[in-house]
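Novice: For chain A, the structure is supplied; the task is to place chain B on it using the hints.
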Amino acid sequence: MFNWIRQVLAVTRFSVLSLPQRKGSSAAAMLGIAGVVAVMVGVLSIAQGVLKTMQSSAADENAIVLRSGSDSEMMSGLGGDDTRIIAEAPGIARNNLGALASPELFVIINIPMRSTGTDANVPLRGVQAQALNVRERFRLVEGRMFEPGLNEVVVGVGAREQFAGLELGSSILVSQEMWPVVGVFEAGGGLAESEIWVDAPVLQSSYRRGNSYQAVYVKLNTADSFDEFKDALTSDPRLNVKPMREADYYTSQSTTVTNLITGLGTLIAFIMGLGAIFGALNTMYTAVSSRTLEIATLRALGFRSGPVVISVLSESLLLAFAGGLIGAGLAWLAFDGFRTATLNWASFSAITFSFDVNAGLLIQGIVFAMLIGLIGGLLPAVRAAGQPVAMALREL
Amino acid sequence: MTTKANGEVLVKVSGVDKVFKRGSEEIHVLGGLDLEIPTGEFLALMGPSGSGKSTLLNLVGGLDRPSEGAVEVGGKRIDQLSDRKLAAWRARHVGLVFQFYNLMPVLSAQKNVELPLLLTRLSAAERKKRAAIALDIVGLSHRAGHYPRQLSGGEQQRTGIARAIVTDPTLLLCDEPTGDLDRKAGDEILDLLQALNREQGKTIIMVTHDVHAAARATRTLHLNKGRLSASPIDQ
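As they're listed, the protein sequences go chains A and B. In my numbering, each residue carries its 1-based index in the first sequence increased by 1150. In my numbering, each residue carries its 1-based index in the second sequence increased by 9.
Just chain B, with the same shape it has in the complex:
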């Protein structure tokens, strides 16, 4: 699915609270949070550690559920889906990019990229073909047969991005995608994300600590003490 920024709201977070329990102690990470993300936007989420950036990302990606409030993606209340339906929804609509790549060490780059396609009804030949296309998009066709331990950090993250886009998801969620990379490799990853946003219209939410990385996004929001703002106040 290719989309362009068109003002249509893709992600709508309404009055979301998130409370974690540690023993008898309750930790309020997000409180009454509202957020709308239009289709085709490249949003950078910044904020200090523990501000709730990753928690918000997890809620939007259906990896966690809010304590209160609603999360809608593409007009669908994902917080009300059963675990089973939520897993299927994630597989179909969300591409995840992790800080530490989270590749399967026993699989080659090609097989890692094919992983999400195992959740589809595609034939082995079709899976292979689509994984090859995804690897080509991230410029790693020549490393398809290599295992994660044989790849540099930047190459591993490219593989992670290829895995995230291989199902052509609506939404790309990136949690500190350059956090484990040097500046050069980080820039290459940001170039890639920017290209995916501009050329393929992917809606991207990127959590980052890095101002330099956030500058690549079309909008930056700052999260502090569970509240969003357009500027880094109260930090």
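Chain A on its own, in the form it takes in the complex:
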């Protein structure tokens, strides 16, 4: 075993030392793999970004209540009486204003995107004072909060960045009237940053919604209070509602879009990966061919086939690893933090998010590169080791 390992190390060393003699084909294979990894990591970072935005929206001790049978706020509807009964349920935290329960209204308005000028469905959320206490990460970063009873809006930082005409001091068209933007807020990177918030009663009036809402967001005493809260609501004969933990709700909201992007990214990576495998195969066949003399000589001297296979595979894996590192690095430089908007298929409204090139994705990209290198190097390695020594020496 010791002798075998020594052979592996020696033969692999020759492979690596002789790499500069094949720098052209080696660089081509390496850059091909780098391109595949960069695209794969780039596309998958979109899904990661959406997921991160959704996950940032949730707090462990928060819950959302929709009408039973609804999968999103868009499809839900709750009367004013319902929201009051919900606010009285056990398990909800309280402050000096009362229960930390926020009945909210959710409509969609059309605002053009900055990048394309095409209209996007932007969420317009009607909230009241407790909304800011339920969402602890809400923070006004510019201007002021809207005045209750006035046609004023505050906009999320993501919405301001992606959609046109949402700067502080400008006005937007809501229900045939121009409403001024009086403030800009952050929400810990969560989904709310893609939204525009207004006073709920004003929005009810403008959209002729009477005293109806679509969801109630609540802050519970602790995360463990959820079961008590849920049981109370679902057993109350006056209500027909579906309480969910915020984390579960946002995960369900992002499933469609993240699955779609992940599937697409994987498909693209697979197709490009096939191309890269052929590139690696070609490079390694060339490498093996240019090293026929060396490999045959080593085997004639008594080196065994196994170390030869491992040395060719090592070279291929080394190139793939370097390509993977370059690709992952490029993806990180080019995409990480890049902010854009997409449609949330669950709510048919736009969400703004940042591409998230995280450590897991980088490792995934490098592992994928190594897989390409392994497949690309395997056949040439077997060929190098399987060629009869005498024949290989005679071919020269």
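Derived by calculation from the structure, the hints in this document are not laboratory data. Cβ coordinates follow ideal geometry from the N, Cα and C atoms, glycine included. Treat the hints with care, as some may be off.
What the hints assert, rightly or not - Here's a subset of chain A near chain B, in silico, CB distances under 7 Å, partners left out:
1. V1166
2. S1168
3. A1237
4. T1447
Specialist: Okay, now just chain B, sitting in the frame of chain A:
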């Protein structure tokens, strides 16, 4: 291992056929060939191109297997060894010298000579010491740190010979060792081989086209159409 010509048979080739297949065509290179080489002999194998000289050398060196017949070296049937055992046997008992030297271009002369020792359990210091001795024997101590591209053809072949003898093998197999060299460098290589045979008792089989080179051997055999003879008949 140092040996002197003592009449004891080191290599015994019995009834060996070698057939190569090219598509559906069969090419009979050697047919019913018998050969005995005593320990300590310096044998020159001559013959026209395609006569099977290198094939015979490969069979004796365990680089190839006969289609029929037996190859014994030191009393051992090497044609019956597994690939793995044959590789280990070659590493231990055979020194190979190639026409085009077959040195690793990325390694210095010293490291090239050390290569076969990587297959042993010797320490790095011991490997270095033995490689230095081998290089000294071939008169290349002063070029130990040079790479093959920095050496002349003759020096490269000397390095190849140092690599072949560094494990102190029983048998030295030389395939056209002077075929790529000018007369002067070729003579130096032949001097060296002769010295290894006479002074260290190495058994040498040398394939050559060159009558001048063959004259240095203790015996010359001619191979033609797969058959051996003592004189160059039927050529």
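Novice: Holds or violated: is the Cβ of V1166 (chain A) closer than 7 Å to a Cβ in chain B?
Specialist: V1166 (chain A) check fails; min Cβ-Cβ to chain B is 9 Å, beyond 7 Å.
Novice: Hey, does the S1168 (chain A) contact hint survive, CB to chain B under 7 Å?
Specialist: 5 Å, holds
Novice: Quick check on A1237 (chain A) please, does its C-beta sit within 7 Å of some C-beta on chain B?
Specialist: Interface hint status for A1237 (chain A): violated (78 Å vs cutoff 7 Å).
Novice: Classify the hint on T1447 (chain A) as holds or violated, based on whether any CB of chain B lies nearer than 7 Å to its CB.
Specialist: 4 Å, holds
Hint check: violations occur at hints 1 and 3; the rest are consistent with the structure.
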